Structures are given as C-alpha cells and as structure tokens.
Amino acid sequence: MDILLDILSWILLISGSFFTFTGAVGLFRFPDFFSRTHAASVTDTLGAGLILIGLMLQAGWGLVLAKLLLILVFSLLASTTACHAMAKAALKSGLKPLTYSDQENSAEETTSKH
Amino acid sequence: MKHVLALSVMLSAFWLINSGHYTPLILLFMVVSVLFVSSLCHQMDVVDGESQPLNLTFTIPLYWLWLIKEVTVANIAVARCVWKGADSISPSVIKVKANQKTDLGIVIYANSITLTPGTVSIDLSDNEITVHALTRETAADLLTGEMDRRVCKVEG
Numbered sequence: 462m463d464i465l466l467d468i469l470s471w472i473l474l475i476s477g478s479f480f481t482f483t484g485a486v487g488l489f490r491f492p493d494f495f496s497r498t499h500a501a502s503v504t505d506t507l508g509a510g511l512i513l514i515g516l517m518l519q520a521g522w523g524l525v526l527a528k529l530l531l532i533l534v535f536s537l538l539a540s541t542t543a544c545h546a547m548a549k550a551a552l553k554s555g556l557k558p559l560t561y562s563d564q565e566n567s568a569e570e571t572t573s574k575h
Numbered sequence: 151m152k153h154v155l156a157l158s159v160m161l162s163a164f165w166l167i168n169s170g171h172y173t174p175l176i177l178l179f180m181v182v183s184v185l186f187v188s189s190l191c192h193q194m195d196v197v198d199g200e201s202q203p204l205n206l207t208f209t210i211p212l213y214w215l216w217l218i219k220e221v222t223v224a225n226i227a228v229a230r231c232v233w234k235g236a237d238s239i240s241p242s243v244i245k246v247k248a249n250q251k252t253d254l255g256i257v258i259y260a261n262s263i264t265l266t267p268g269t270v271s272i273d274l275s276d277n278e279i280t281v282h283a284l285t286r287e288t289a290a291d292l293l294t295g296e297m298d299r300r301v302c303k304v305e306g
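Protein chains in written order, with my numbering: chain A, 462 to 575; chain B, 151 to 306.
With the rest of the complex left out, here is chain A (with noise of 0.2 angstroms):
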C-alpha cells in the first residue's frame, strides 16, 4: 500500500512539473502580454496543484496535509485575482490585446513583401 501511494504521489509531482515547465516555455514562446497570461495560469493551476496534491499524500493523516490543502486554497484564489488585476492594469493602460485577425494581417503583410 505504501508504495503504491509513493508511486502515486511520484507521478503527480513529476506531471505537475511537467505543466510548471510548460507555463515557463509559454511565457517565452506566446507573442504578447495577454496570451502570456494564460501560460501562466497553468503553472498556477494543475502546476502548483498537481505537486501540492503529490505532497499530500506524502504528508498522510495529519496536519500537515491539512496545511497543504490552506496553501492550495489560498493560492488558487490569489493567482487568479492578481492575474485578472495584472490583465486589468494592462487593459486600463492602454495595452492592446493581440487578436487573430491582427495576427493574421501582419503575416499577409510579411507574406507581401517577400
């Protein structure tokens, strides 16, 4: 019993570092300020809660899994109001959003001048 739960709880830590990796290659490979946010977002959601969840089961009965399950809570309710404050700010500012029609104008232009 206690290896499969050890085998469990590998798995979850290793896939939720999966999705914190693939949020952090998102920052890098999404064109503008608004798409970035949605890659962060997996970092914040299954990445966080995937290797929070993996640790609860390490933890076993107790208070540390009750700990565990705070910290969950609270950082899912304060990663999405500061991304919705940081989108918002950004809006406010004057920030353009990155829409498909405008993506796909630049590549007829780009496709133009070749």
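EDC-like cross-link-like pairs, simulated, lysine to aspartate or glutamate; straight-line CA separation at most 20 angstroms: (1) 549/A with 493/A; (2) 553/A with 278/B; (3) 251/B with 278/B; (4) 251/B with 273/B; (5) 245/B with 296/B; (6) 557/A with 278/B; (7) 553/A with 273/B; (8) 247/B with 287/B; (9) 553/A with 276/B; (10) 549/A with 273/B; (11) 234/B with 493/A; (12) 303/B with 253/B.
Footprint (simulated), chain A over chain B, 3 or more residues, beta carbon under 8 angstroms: (13) 211 to 225; (14) 234 to 245; (15) 282 to 290.
Since the hints were made in silico from the structure, they are not lab data. Since the model is a prediction, treat every value here as computed from it, not as a measurement. By construction, the Cβ of each residue, glycine as well, lies at the ideal position given by its N, Cα and C atoms.
Given chain A, work out where chain B should sit, using these hints.
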C-alpha cells in the same frame, strides 16, 4: 449574528490548523484573539452575507468539482498550444453576459473564467465581462454559457 459565529468558527479552525500546539495557554490565546478579531470585524460592519456566504455552503462543493474537471481539461488544451508554438493560438476578445443576481455571484463567475487557463477576464462592468480567450475553442466553450448557468445555480 450567525455570520459573526461563522467567522469565529472559521478563525478558530484556521488557528488550530496552523498552530499544532494544543496546550491550555495557547488555546486561551486563540479564544482571546478570535474574540478580538470577530468583534473588530463586527464593529467595522464587514461581517455579512457577502464576506460569509453561508447560503453557498451546500451548493458550492459540487460546483468546485465541476470546475476542477473543467480546469484540468483546459490546462491540457493550453499546454498543447504551448508545445505546438505560437501559430496554434488564435487570441480574441469577447464579451459575455453575467446573469447572476448578486455581486458575489458575478465575482465567482469572473474568477472561475480567470482560473480556467485559456480564458482571462480582463474587465468587468455591470453585467458584462470582457474576456481574453487564447484560442477559438476556449472562446466557443465559454460562449455556450454552461459556466454561467452553473454559477447561477450555485447562487440558488
């Protein structure tokens, strides 16, 4: 009154979880500080149905389960976009209507939108939420209005 009571219970639970020392002296400190903070909040008049939404106690766990499922699905979709590269995304800005009756309901809806990767609520005015969507699929998912309906149900 029941909101003050709920706040006291929550604060006590929070203390007990974070302390881990259950000696009489520490527990006395807990009682004193909980009473102090509760009365302070009561004096400031911030303890009401909005800060202690007791009416959501039984309806929200089911919504959370559904939200966790949605967030997981959306995460995988966005992660796929990350690895495919910037060509696979089609960002757009859409407006959705929030049909919730209370401010709290609208905030729950807007926060759920932000929590789901692929959609971020970037502005909120009256009953209209401006959303930045990463791909056309995430925008279409949101426009079906299922999340809106479910938050309305949570509100009761």
